[in-house]
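Keeping their order, the protein sequence lines are chains H and R.
Take 1 as the starting number for the first sequence in the UniProt record's numbering and just add one per residue.
Take 1 as the starting number for the second sequence in the UniProt record's numbering and just add one per residue.
Just so you know, the hints here were simulated from the structure itself, not pulled from any lab data.
What you are looking at is a predicted structure, and each value in this text was computed from that prediction instead of being measured.
In this text, a Cβ means the ideal position worked out from N, Cα and C, and glycines have one as well.
Heads up, none of these hints are tricks.
A few chain H residues that don't get close to chain R, going by computed Cβ distances all over 12 Å: (1) 33; (2) 186; (3) 291.
Footprint (simulated), chain H over chain R, 3 or more residues, beta carbon under 8 Å: (4) 117-124; (5) 381-387.
2 protein chains.
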Amino acid sequence: MNALADEAARQLEAAARAARAAAADLARALRPAKDLALREAARALREQASTILVANEADLAAAPDLSPAFRDRLTLTPARVEAMARGLEEVAELPDPVGRILAEWTRPNGLVIRRIAQPLGVIGMIFESRPNVAADAAALCLKSGNAVILRGGRESLRSVAAIHAAMVAGLRAAGLPEAAVQVAQTADRGFVGAMLRAAGLIDLIIPRGGKGLVTRVMEEARVPVLAHAEGLCHTYIHEAADPAMARAVLLNAKLRRTGVCGATETLLIDAAIAPGLLPVLVADLRAGGCDFRADARARAICPELPVASEADFATEWLDSILSVAVVDGVASALTHIRRYGSEHTEAIVTKDAAAATEFLNGLSSAVGLWNASTQFCDGGEFGFGAEIGIATGRLHARGPVGLEQLCTYRYHVIGSGQVRP
Amino acid sequence: MNALADEAARQLEAAARAARAAAADLARALRPAKDLALREAARALREQASTILVANEADLAAAPDLSPAFRDRLTLTPARVEAMARGLEEVAELPDPVGRILAEWTRPNGLVIRRIAQPLGVIGMIFESRPNVAADAAALCLKSGNAVILRGGRESLRSVAAIHAAMVAGLRAAGLPEAAVQVAQTADRGFVGAMLRAAGLIDLIIPRGGKGLVTRVMEEARVPVLAHAEGLCHTYIHEAADPAMARAVLLNAKLRRTGVCGATETLLIDAAIAPGLLPVLVADLRAGGCDFRADARARAICPELPVASEADFATEWLDSILSVAVVDGVASALTHIRRYGSEHTEAIVTKDAAAATEFLNGLSSAVGLWNASTQFCDGGEFGFGAEIGIATGRLHARGPVGLEQLCTYRYHVIGSGQVRP
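Chain H extracted, bound-state conformation:
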């Protein structure tokens, strides 16, 4: 390992130890202190807006070869800074998840057992492109009593540093430890590698970014990871679907925003309803600019549709492209989803409650919807108030990850001198 990477690893270890100490204090911080930190950080963001924007301009100037889409994600504007500040204030409005009594029961011997929510500890946030993730993630970690180490993309180092300064101003104003929110001081890749190996120092890694980043993190991390690598979501139009509902739900599920993980990538449609309905759905989507990849049975109904390869059904398009397959009932739809899906979000449109129940019960995905758009897979839409990401792994949390999911728990047992036989 080269000297830069060694130095980066040392920096990470120092940051993690400081974060661990801060987390111990943060776990016991009361809601008013955390909310004050958030509101003071929002104030600092607004007061330092021009400084933040100047830093962002320097980042943009230093990276002239970015694609237009990348550049757009990287750019901060006065409106985006204001949105960051408002986001912090919204998190301050959310209930404090720490200390919730999740369950309570009394044993025959009189012991009262309580399961109580507590912060995870130290979270490592690795993200790309959008500098505002620094503020959003720091807010959620802080409110849930967790310390956080932020590592943004190398293109946004100055922007993230400026945002971090505002977060620290908030912590200072509230008397909370400044090490509760830290940023990577170096652009060296060794820092990320050190984060991924920091089992025992970092409790959870959350990657936000493209598939390349998330896949690398999931493969290399020795620390638990909360993430999803793909959102290969399906909308299944069952033979007993209401046609008008099918049209509205599918259009929204595919085209509301094509780049989000909850966008539908594959349409499954029952053979019994396809001859009449598929051409209508295709026309709706084509009018919205959508292209298609269709199996032979769909092309028998709509011959103009391009051919789908095997690989297409395993592709998350993140674009105005929809894969289409004709199926024969719930069981065959489930078989397709089990083969090609990513355990993210799937929906069925039908008036048949039994079919809906069979479909939902047969899924293992994080989210299953009946008669609603897959685009609802979102922390805000779920009522969590905010979301740090979406998880499809099987442990700890699945689906939208909000404040409650950033907590673990412990037990308090209240006795009167009981001893165990």
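With the hints as your guide, set chain R onto chain H.
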């Protein structure tokens, strides 16, 4: 990697794929089928008891150099086989954790969101010494809808294989997939290594055994692990403790069973109460055969006590040895625990509710008790009915791991055609 290890890795991959397929069926199995499998397996254990005992004798004969304690853990008797069978029947009596509605709420747009418990999927159980863990663990996995791959110690291969045969008989009688419970076919260490690396094939590894096994698993595993490496538990006698309660609770916490992870290893006692109470506690414990390692302040009160080194306070004795330190109130007790503890189980004895609250709130351990013995950290004592192990990691589950903790969750969202703005 040598040929044996390669072959072992291939075996593991084949077993994991079969387990994954079985898990898909098992996730949808209804309670009566699972309970029938458990009861038929219990019947098979009883009917095949002599076969199982003969296999166990062969294991014992093949390992003549075991310590008496190890030999005892390895030995099966008619009583232990009957206990195994009864254990399966007890799990059949427990409620089915799969499909529980953990939370339900309605959004302003009318969407009804349910969080529903579902099995984790495929569990890898790595254990040492006691062959009956095979039956206990298989029962809990099966009842919670999980497939399991069992890997016992090399000394118990024949015993575990015989127990496995009874489990398979139960699965067969209930029409459940036989790959729901599998055992390692090879003693090669490569099989364990392959289990630890099987991210994506195995969802969770649970090691049960000595510190060496658990530490190796936690260090090498790429798969999530539910475990605790140490149970360095503390009992803190606060200055406002009822002396009679302190004596009874401490005696039980230390000496009920010294080899369990919930046994108290360190006594912390407030300076204000120590002069009168410490000698009494020492006499109680000495009468029970306990030895001591004491700090200077404790030895100032009881000069006969052996000296404690720094390392002693970080030692999990698992024996009739108690470390003793005099402290000055809740904050100093917490400082000691944070420094030397293993985040497992700690107890305070006091009549002062404010002190108890400060102590419990200041802990980050999985279990904190007020006026009760640390030996209560146990799934049965918690009312879980059974326990597959205890976890002190921060994600997914902490404390006793029972049926509910072997589940994850997913969301069902019920709509009436909603689309996202």
